[in-house]
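A.B. asks: Place chain B on chain A using the hints.
In the order they appear, the protein sequences are chains A and B.
For the numbering used here, count along the first sequence from 1 and bump the result up by 11.
For the numbering used here, count along the second sequence from 1 and bump the result up by 1.
The set of hints was computed from the structure by calculation and includes no laboratory data.
For clarity, every value in this text was computed on a predicted model and none was experimentally measured.
Glycine included, every Cβ here is placed at the ideal spot set by N, Cα and C.
One thing to keep in mind: the hints can contain errors.
[Said to hold, decoys possible] Derived DEER-like restraints, expressed as beta-carbon distance ranges:
id, chain 1, residue 1, chain 2, residue 2, range
1, A, SER92, B, ALA277, 52 to 58 angstroms
2, B, ASP204, A, GLN37, 51 to 57 angstroms
3, A, PHE84, B, ARG416, 27 to 33 angstroms
4, B, GLU378, A, ILE88, 25 to 31 angstroms
5, B, SER70, A, LEU71, 45 to 51 angstroms
6, B, GLU378, A, LEU175, 26 to 32 angstroms
7, A, GLU131, B, ARG416, 55 to 61 angstroms
8, A, PHE84, B, PHE20, 27 to 33 angstroms
9, B, ASP400, A, ALA227, 50 to 56 angstroms
10, A, GLN35, B, PHE20, 43 to 49 angstroms
[To be verified] No farther apart than 30 angstroms at their CA atoms in a straight line, the calculated lysine-lysine pairs in the DSS-like style are these:
id, chain 1, residue 1, chain 2, residue 2
11, A, LYS191, B, LYS278
12, A, LYS274, B, LYS394
13, B, LYS505, B, LYS278
14, B, LYS505, A, LYS274
15, A, LYS191, B, LYS333
16, B, LYS468, B, LYS440
17, A, LYS191, B, LYS353
18, A, LYS98, B, LYS349
19, A, LYS274, B, LYS349
20, B, LYS440, B, LYS505
21, A, LYS274, B, LYS468
22, B, LYS440, A, LYS274
23, B, LYS396, A, LYS274
24, B, LYS333, A, LYS274
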Amino acid sequence: MSYFVVGYYAMLIGASCVAAYYSQRQVFLLLFSLTLVSFIVGIVGGVPALTFITTAAGALALAAGTSYAFREFLVLITPPSISRELKAAPLTASFGMFVILTYAIAGIFAPIMAPYGESEVIAGAFAPADENMLLGADQLGRDIFSRLIYGARNTVGLALLATLLAFFIGAIGGLLAATKGGFLDQLLGRTADVIMSVPSLIFALLMLSIFGTDLAVIVIVVAIIYAPRVFRLARAVAGNVVVMDYIEAAKLRGEGTGYLIRKEILPNSTAPLIAEFGLEFCFVFLLIAGLSFLGLGIQPPTADWGSMVRENATLISFGDITPLIPAAAIALLTVAVNFVVDWMLYRSSGLKD
Amino acid sequence: MTKNKDVLLEINDLRIEAFSDEEWFEIVHGVDLTLHRGEVLGLIGESGAGKSTIGLAAMGFARDGCRISGGTIEFDGMELTTTSKADRRALRGSRIAYVAQSAAASFNPSHRIIDQHTEAPVHYRIQKRLEAQEDAMELYRRLRLPNPTEIGFRYPHQVSGGQLQRAMTAMAMACRPDLIIFDEPTTALDVTTQIEVLAAIRDIVDQFNTAAIYITHDLAVVAQMADRIKVLLKGEEVEEASTDQMLESPQEDYTKSLWAVRSFKSPQKLRPGGDAKPIISVQNIEAAYGPVKVLEDVSFDIYPGMTVAVVGESGSGKSTAARCITGLLPPKSGQILFEGEPLPPGYKSRSKDQLRQIQMIYQMADTALNPKVQIGEIIGRPAKFYSGLSGNKLKSRVDELLDLIELEPSQYYNRYPPELSGGQKQRVGIARALAANPKFIICDEVTSALDQLVAEGILRLLDELQKEFNLAYMFITHDLATVRSIADEVVVMQKGRVIEQGPKEEMFTPPHHPYTDLLLSSVPEMDPNWLSTVLDERGVDNIGDAVTMAIETESSGGLDGNQS
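With the rest of the complex left out, here is chain B:
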């Protein structure tokens, strides 16, 4: 097949302004971008780099409160900054399509998937309704959705997250657009599901010779998808090169630092020998939300000064296990020992000292800190509550804590959480946990909402604090890269059961439980050929949901075998 390689989209010196505090200020400072037909351009950068804003500008669109203030956007010979609104609207959906980050939030929950799919082609009179439906089924088949003739007639909540994201990609293809903009399409998915979406997107872009802009903050993902990569920082281009070149020899320091993020690794610690007691010992707990069982026979031990990572996909019961330990969800059976003493099941019946020993750091720092309370008060409250400090002593304790999390006390003491950046908020969350002088801290996906550079800083901080105060961490995560860098022991969970546990080194060397193997092999690597290799190894139909199901039946069969 000969592919047409004309220039499709050309953006010159694009400037975008945003309105804040009653004045306009520039957030994108003159970015150039050229995209040929059939080419995939990866846009990467941290949050606030302007990736999404540029992606939307490629459709001639600016969000509410933003405006395109300069530069030109030429799409297939048409200047988008000067065309009328109606002309631009005619382009969108038919010639330029957009795939959003969260398919679950972007589909209308009260219409069937196929009706939303056929809306655009019918509206633009490209196809009749029935033709469009048939075409949709064909696209579903190509994207390897199960039951392609039937799945479209379901409602969005009746299919899984990965399937929905693929259905959305199919919808974007409905009018066979020249350009698709993918805005972090796999960020909200589990690693095992991510891989099937990536494979589907790559195939379909290839088959129809569609140009694409792929926006993400995950370098390993972009390495699989893009022909060329453009790195952005604070609305300015850092550098642009072909994927191979960019991975092998990045030029700028910023790019190099992005590449080096995953280098952090804390040395592995082993369990203390002899008769050392575990600080937390979870013994055969079962838990349920009403009639729905979420944990079954879960046991693991956490020793002082060690980090135990609990991994698994969403719905595997990692966070529920944490809720049992904190006492928010009293387990139905089994018990939790703290330094050998059984803890009362509910937090209300625990003593102040027991509560103090177990602290928690949350995933979303935005909802974990009260927006109407000053930082000094947020951190000071646990210190005051547990140790009865007040006045100058309290103030100096808060200053000490702020120093520990590397925030300048005089500057942050009187500020409110919404004024801080994501990483700073997470640091305040850590300080609040430390203020109680705990021995054990539960970290619930603490880095998953943060940019990679910031996340690495948080991991380093946690590691230093562990050394200084001999803290034990229970580290809940789905990101195996984080596990590799910080964990001492790993607990793998699936469907409410612990399926494998042991020291990190053991867990990362084969042989694995098939599910662990699946998790490990689904983590994207920086090698641009990784996706192809994995697909070759596993076979196209053996990724994502399908293989998870297979392992499930296999392992439950195995258990039955043991019992008989």
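Chain A on its own, in the form it takes in the complex:
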């Protein structure tokens, strides 16, 4: 029996005892049940299984530590009004914010950070990882790590642009429909219904086949697909606001629609709209990645996570996980955004009281 196994059990049992001594019920239950599970896993899977558990627990602890440190850092650098909210934020939210920040830095400073160019061929096809290439080369011999960094810029940037456009169209439409009512409300509402009744992927494929796969076309098509959802939310939220007496007071004052929307309705509907923004961003992001995977999204040689998965898909049959890395990058960002959105939803729903 190796020292590792002995140390592993000794540490778990020791930590359980310490937790029990200081009557930390939750921690004790977690540690001790992990010890018991490890006995079984250790017998069945041997040392590699225990190593895996250790690595996973270490990664989790590292993530938690990073989140904690990042939250404290944010609390320190933000003004008091925001830092009070941040102090109460769960670790998952600060983890999400940390990941989003990392992606943003990677995207913005891609040319500086990436060791090689986006479409620079530096090695043979499918060259394995070495000290020059962190993750090896793709089917044309380009550095996967560099393309991953550039991909953050392209895919995330495109998704952000499309989501912003969708929100611009949807929110303005929804607020107008709620404020004006009547014919305009019906017209916008039914238009939204028509767009929503067509399956989004098929609609996108159709439009991209007709108008070509220009970046501008992708952004507009995706924005049109997602605008109706924003429209419906904005209209529902604003619908609750326009019945308030202060809106009536403003109308009686003779204020125009522009002032009503900008000053009276919008400030009272931002919270749910921001939460929805995060959620929609994930969907848009996945749709664009999916389109790229199908070959109709961002076109080569531009680096993009969706098409990177497709281009290197053959490697999976050889048991190599390299093509899954861009997929994991997509998954991580989606999870991170959702963590942050969950926290925002929780705040805006008033559950905190």
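C.D. replies: Chain B in isolation, oriented as in the chain A frame:
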């Protein structure tokens, strides 16, 4: 009948804490309370005094975000602060019952009334379902609900507000509890309906020798119901005494100020003689929401510098008349003159100046002020919009307005409405109306959501502003005490028609239209024998809905007679 007078509930040094801004702070600071069997204790105080919190604590219950942090609550020999949750739950509904303020919000709209009534006795296995139903009908009969055998099989929305509140009282009696807690059971009702609920509650509490805690902010109501009165202020007891003693000789200054609230009275002004034009003249307007007619042939005049009170129960068309004047609801026929000039029916077709002259103050200051806009901006906007002020001029105008409503400008300029108290919010609403420099202001139930002391302050402020700027007010209210204190003329409305109008002094001296008479005599007075006297005069079956119906048929018959 000999009544058992043991101590039923004893609360000692009760302390309750609430959680806010991540720390606990005390909201009830050591209140003692003793309640004997068959006794009714009135708890009064302004909002935030802890009345409801103490009422709930008597059941061993604290709202979410609150906790009972000290003291003892002994109910019939059982210590509620230390008993298990399950034991406490077994008490509630069977031995302690609770009647909430809004019966409409407390009944489940998708179950029939009697099914909700029988739930508790069946759950506690006191009665079988059918027995419980029969018992419910018996209670309905005792509470003088119409058609006692049938009414329980209706859904909550199919009966009137007063009937629903009585059905809820019946439900509380279902298990013949030892203690009922009434939390403002009549606050949301019209005066004419309130009286029938009060009579019903008093009877049934008396018949079953039930102890009750009656929570309210209305002194006149509590004087009718309670044997003893306890006055609370900010979670502390001010004083406690028997009802008679409390009414005759209150000891503490705070209690005296509560008693004196209704003393404010502005001198009556008369219409200017000669050919003075009314500022607003409503002429024969008719209005409808879709096919439903709500106003019929309504006419009244309002002269500069005068206050016209429009009174009537809910649904009588008072607020609709205001909506017609502001142009939110264009009338179907008839017209509204402003200083002799006809106003366009819809607000969209009125000029900026016409809009400026007519301002409105709302009942609920919470929904009338945008919570995301600073006070300075809320008040400044009309000034900027109508008179084009900006920069320093605008700032000084806002400061001037804040001074007028007695709020310190430097302190309130940058604050948001949710940070203010109810009275302060209402003052900001007044300042917003004043910022437009109007000649006419519609006050829609401006004081009904406020505590009495605060409401009186608002009335005084409105009165001072009227003198200073020669404003005309249309004062919509259902509270006749407010009418008495501020009105110069009164318009009484019922079912969308004006049934009587004239100067205040005339309106408050007989003879009245029967409906006016009903409204006047239904307003509770501070005399503890008032309810008994009224009931003796009118007869037990001649209150509330029944008499309203009677007057309605009578007056419509009268109109027919005139026409023929």
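A.B. asks: State for each hint whether it applies.
C.D. replies: Hints, verified against the model:
1. A:SER92 with B:ALA277: 52 to 58 angstroms: Holds - the Cβ-Cβ distance for A:SER92 and B:ALA277, about 55 angstroms, lies within 52 to 58 angstroms.
2. B:ASP204 with A:GLN37: 51 to 57 angstroms: Since the Cβ atoms of B:ASP204 and A:GLN37 sit about 56 angstroms apart, the hinted range of 51 to 57 angstroms holds.
3. A:PHE84 with B:ARG416: 27 to 33 angstroms: Once the Cβ atoms are compared, 31 angstroms apart, the range 27 to 33 angstroms for B:ARG416 and A:PHE84 holds.
4. B:GLU378 with A:ILE88: 25 to 31 angstroms: Hint holds: Cβ distance 29 angstroms, inside 25 to 31 angstroms.
5. B:SER70 with A:LEU71: 45 to 51 angstroms: Given about 38 angstroms between the Cβ atoms, the range is violated.
6. B:GLU378 with A:LEU175: 26 to 32 angstroms: Since B:GLU378 and A:LEU175 have Cβ atoms about 28 angstroms apart, the given range 26 to 32 angstroms holds.
7. A:GLU131 with B:ARG416: 55 to 61 angstroms: holds, 59 angstroms
8. A:PHE84 with B:PHE20: 27 to 33 angstroms: holds, 28 angstroms
9. B:ASP400 with A:ALA227: 50 to 56 angstroms: Taking Cβ atoms as reference, B:ASP400 and A:ALA227 lie about 52 angstroms apart, which means the hint holds.
10. A:GLN35 with B:PHE20: 43 to 49 angstroms: violated, 24 angstroms
11. A:LYS191 with B:LYS278: Violated, at roughly 37 angstroms.
12. A:LYS274 with B:LYS394: holds, 22 angstroms
13. B:LYS505 with B:LYS278: Answer holds: B:LYS505 to B:LYS278 is near 20 angstroms, not above 30 angstroms.
14. B:LYS505 with A:LYS274: violated, 43 angstroms
15. A:LYS191 with B:LYS333: Within the cut-off at roughly 22 angstroms; holds.
16. B:LYS468 with B:LYS440: holds, 12 angstroms
17. A:LYS191 with B:LYS353: holds, 20 angstroms
18. A:LYS98 with B:LYS349: Answer violated: A:LYS98 to B:LYS349 is near 48 angstroms, above 30 angstroms.
19. A:LYS274 with B:LYS349: holds, 20 angstroms
20. B:LYS440 with B:LYS505: holds, 22 angstroms
21. A:LYS274 with B:LYS468: Roughly 34 angstroms between the alpha carbons, so the hint for A:LYS274 and B:LYS468 is violated.
22. B:LYS440 with A:LYS274: holds, 27 angstroms
23. B:LYS396 with A:LYS274: holds, 19 angstroms
24. B:LYS333 with A:LYS274: Violated. B:LYS333 to A:LYS274 sits at ~33 angstroms, over the 30 angstroms cutoff.
The structure does not agree with the numbered hints 5, 10, 11, 14, 18, 21 and 24 stated previously, though it agrees with the rest.
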